[in-house]
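Engineer: Take a look at the letters that make up each chain.
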Amino acid sequence: MSSYFDESFVFINCKVKDDKDLISKLSNELYKKNIVKKEFEEQVLKRESIYPTGLECGTINVAIPHTDSEFVNEGRIAVAVLENPIKFKKMDNPDEEVEVSIVLMLAVSEQKAQIGLLQQIFALIQNQEQLKKIINSDDKFEVIKLIREYIN
Amino acid sequence: MKNILVACGNGVATSTMVASKVRDAIEQNGLKANVSQCKLLEVPSKQESYDLIVATGKFDNESVTKPIISGMPLLTGIGAEEVLNKIIDFIKEN
Chain A
531 MSSYFDESFV
541 FINCKVKDDK
551 DLISKLSNEL
561 YKKNIVKKEF
571 EEQVLKRESI
581 YPTGLECGTI
591 NVAIPHTDSE
601 FVNEGRIAVA
611 VLENPIKFKK
621 MDNPDEEVEV
631 SIVLMLAVSE
641 QKAQIGLLQQ
651 IFALIQNQEQ
661 LKKIINSDDK
671 FEVIKLIREY
681 IN
Chain B
1064 MKNILVACGN
1074 GVATSTMVAS
1084 KVRDAIEQNG
1094 LKANVSQCKL
1104 LEVPSKQESY
1114 DLIVATGKFD
1124 NESVTKPIIS
1134 GMPLLTGIGA
1144 EEVLNKIIDF
1154 IKEN
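Heads up: the protein sequence lines correspond to chains A and B, in order. Position in the first sequence (from 1) plus 530 gives the number in this note's numbering. Position in the second sequence (from 1) plus 1063 gives the number in this note's numbering.
Honestly, the hints are just simulated from the structure, not real lab data. Bear in mind the structure is a predicted one, so any value in this text is a computation, not a measurement. Mixed in with the good hints there might be a few duds.
As the list claims (entries may be wrong) - Derived pair list, reagent style DSBU-like, types lysine-lysine, alpha-carbon separation capped at 30 Å:
| # | chain 1 | residue 1 | chain 2 | residue 2 |
| --- | --- | --- | --- | --- |
| 1 | A | 555 | B | 1121 |
| 2 | A | 550 | B | 1109 |
| 3 | A | 576 | B | 1109 |
As the list claims (entries may be wrong) - Stretches of chain A that chain B covers, calculated by requiring three or more beta carbons in the stretch to come under 8 Å of a beta carbon on chain B:
| # | region |
| --- | --- |
| 4 | 579 to 592 |
| 5 | 612 to 623 |
| 6 | 641 to 650 |
As the list claims (entries may be wrong) - Sample of chain B residues at the chain A side, in silico, Cβ under 10 Å:
| # | residue |
| --- | --- |
| 7 | 1072 |
| 8 | 1118 |
| 9 | 1151 |
Every residue, glycine too, gets a C-beta built ideally from N, C-alpha and C.
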């Protein structure tokens, strides 16, 4: 198992009210296991309001909420595959929204690791076929396997 | 030589990815240009020394007088070729 993924932070058929609800839910799971610091949730929400992370990738869209490594104890990526897409503001234009089906919340403990990680994430999100397999999967371990073909 | 400023939220993550793609394209086209990075917030104050801004996010556009190209396609792959061509054309033309 790669250090970034842990089935306890992978949620499939996830039902949430909105982006804030989802960020709070994922942050809380990470905080319960001491992966992130208490302030992580608030900091991710704050960053998302200034620099949103919704990425328009095609039919299936992705968001990558995150914050600075100072609020992270251990590097992990929390994954939520949503039953119904939720709206995230777009990274390149916060005045617009995008319907997101997959959320990768990044808890990066070393800032310098973030660039390599982002490169892998952007390679994944450019593959709509792979994203389709992820949203159609009903097995957490398969979701992790599909993501790990790109992110390790 | 043309000076290109690549900006993202914190000036180190997505701008690094975009800057490396821009540098590669410049080299592949046998051109030369300076490519620097900064935070989106710094664009208004730094723009003076640059000819072109490539950004992966939005900033206070009204205070920026230099031409701006969205670097987002270089991250998502959608329309990436077009953006690189625009940047290359800009360097060639100006």
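Engineer: Need the list of violated hint numbers for this structure, in ascending order.
Structural biologist: Result: hints 2 and 9 break, sorted rising.
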